[in-house]
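Novice: Chain residues, written in single-letter form:
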Amino acid sequence: DAKTTQPTSMDCAEGRAANLPCNHSTISGNEYVYWYRQIHSQGPQYIIHGLKNNETNEMASLIITEDRKSSTLILPHATLRDTAVYYCIVRGLQGAQKLVFGQGTRLTINP
Amino acid sequence: GAGVSQSPRYKVAKRGQDVALRCDPISGHVSLFWYQQALGQGPEFLTYFQNEAQLDKSGLPSDRFFAERPEGSVSTLKIQRTQQEDSAVYLCASSRLESFTGELFFGEGSRLTVL
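So the protein lines, in turn, are chains R and S. If you read the first sequence in the numbering used here, its first letter stands for residue 1, the second for the next number, and so on. If you read the second sequence in the numbering used here, its first letter stands for residue 1, the second for the next number, and so on.
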C-alpha cells in the first residue's frame with residue numbers, strides 16, 4: 001500500500017505557482033520523499049527527491065517539514081505542459097527498491 | 001534514443017490469446033521493473049529483476065503472468081490466456097543499482113486491450 005496521502009485533484013492558473021501537498025506521516029528515517037509525474041499517455045517521469053532538507057532543481061522545489069511527516073512540491077511558474085498526475089512516493093535511495101504509487105494528484109493548469 | 005523502449009505500443013488480443021510484451025532498458029541498467037496501470041489508477045508493481053535474476057514477483061496477479069530477462073538486458077512479460085481484466089498499460093522501468101538519485105526511468109508503456 002502507498003504510504004502517502006494526496007488530494008485527488010487541483011487546479012492552477014498558468015504562470016502561477018502550483019503547490020502540491022503530500023502527507024507521509026509513517027515515513028521512516030532512511031526513506032526519501034520522491035515526486036514523479038505522468039503526462040497523459042506517457043510513462044512516469046522523475047521530478048525530484050529529498051530526505052529532510054529542501055531541494056530545488058530545474059523542474060521544481062521540494063519543501064519537507066521538519067518532522068518529515070509532510071511535504072510540498074512547488075512548480076514555480078506552471079505552464080500548460082505541467083498538466084499531469086503527480087505522485088508523491090516514499091522510498092529508500094537504492095535503485096533496487098520499487099516505487100509504490102498511490103492515486104496521485106491530477107493537476108490541471110488552466111490558461 | 002537512449003531511453004527505455006517498449007514494444008508493441010498497442011496490442012489488441014482476443015480473450016484466451018497469449019501475448020508477449022518487450023522491454024529494452026537503458027544500456028547498463030541493472031534493475032528492471034514491470035508495472036501494470038489500469039485506466040484511471042496509479043501504476044501497480046508486478047515484478048523486479050536484478051540482472052537476469054527475478055528477485056521479486058510478488059505483484060504478479062496470477063500464474064498466467066510470467067516475466068523473464070534471460071541475459072540481463074531485454075525483458076519480456078508474457079500473459080497467457082488473456083482475460084478482459086488484463087486490459088491495462090504495462091510499464092517497464094530501469095535503473096542503476098546505485099545512483100545519486102535512485103531514479104527509475106520509465107518507458108511509454110504497452111497498452112493491452114483484451115476483447
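Calculated from the structure, these hints are not laboratory results. Careful: at least some of the hints might be erroneous.
Claimed, not checked - If you anchor each label on the Cβ, the simulated ranges turn out as follows:
1) S:L115 with R:L51: 45 to 53 Å
2) R:Q42 with S:G28: 34 to 42 Å
3) R:T5 with S:E71: 24 to 32 Å
4) S:Q41 with R:N30: 44 to 52 Å
5) R:M59 with S:E44: 24 to 32 Å
6) R:S28 with S:E98: 16 to 24 Å
7) S:D24 with R:Q94: 16 to 24 Å
8) R:T65 with S:L115: 33 to 41 Å
9) R:I63 with S:S73: 37 to 45 Å
10) R:N30 with S:E52: 34 to 42 Å
11) S:G28 with R:L93: 38 to 46 Å
All C-beta atoms, glycine included, are put in the ideal place defined by N, C-alpha and C.
Novice: Indicate, hint by hint, whether the structure satisfies it.
Specialist: Status of the hints after comparison with the structure:
| no. | hint | result |
| --- | --- | --- |
| 1 | S:L115 with R:L51: 45 to 53 Å | holds, 47 Å |
| 2 | R:Q42 with S:G28: 34 to 42 Å | violated, 23 Å |
| 3 | R:T5 with S:E71: 24 to 32 Å | violated, 41 Å |
| 4 | S:Q41 with R:N30: 44 to 52 Å | violated, 28 Å |
| 5 | R:M59 with S:E44: 24 to 32 Å | holds, 25 Å |
| 6 | R:S28 with S:E98: 16 to 24 Å | holds, 20 Å |
| 7 | S:D24 with R:Q94: 16 to 24 Å | holds, 23 Å |
| 8 | R:T65 with S:L115: 33 to 41 Å | violated, 49 Å |
| 9 | R:I63 with S:S73: 37 to 45 Å | holds, 39 Å |
| 10 | R:N30 with S:E52: 34 to 42 Å | violated, 28 Å |
| 11 | S:G28 with R:L93: 38 to 46 Å | violated, 19 Å |
Taken one by one, the earlier hints fail for this structure at numbers 2, 3, 4, 8, 10 and 11, listed in ascending order.
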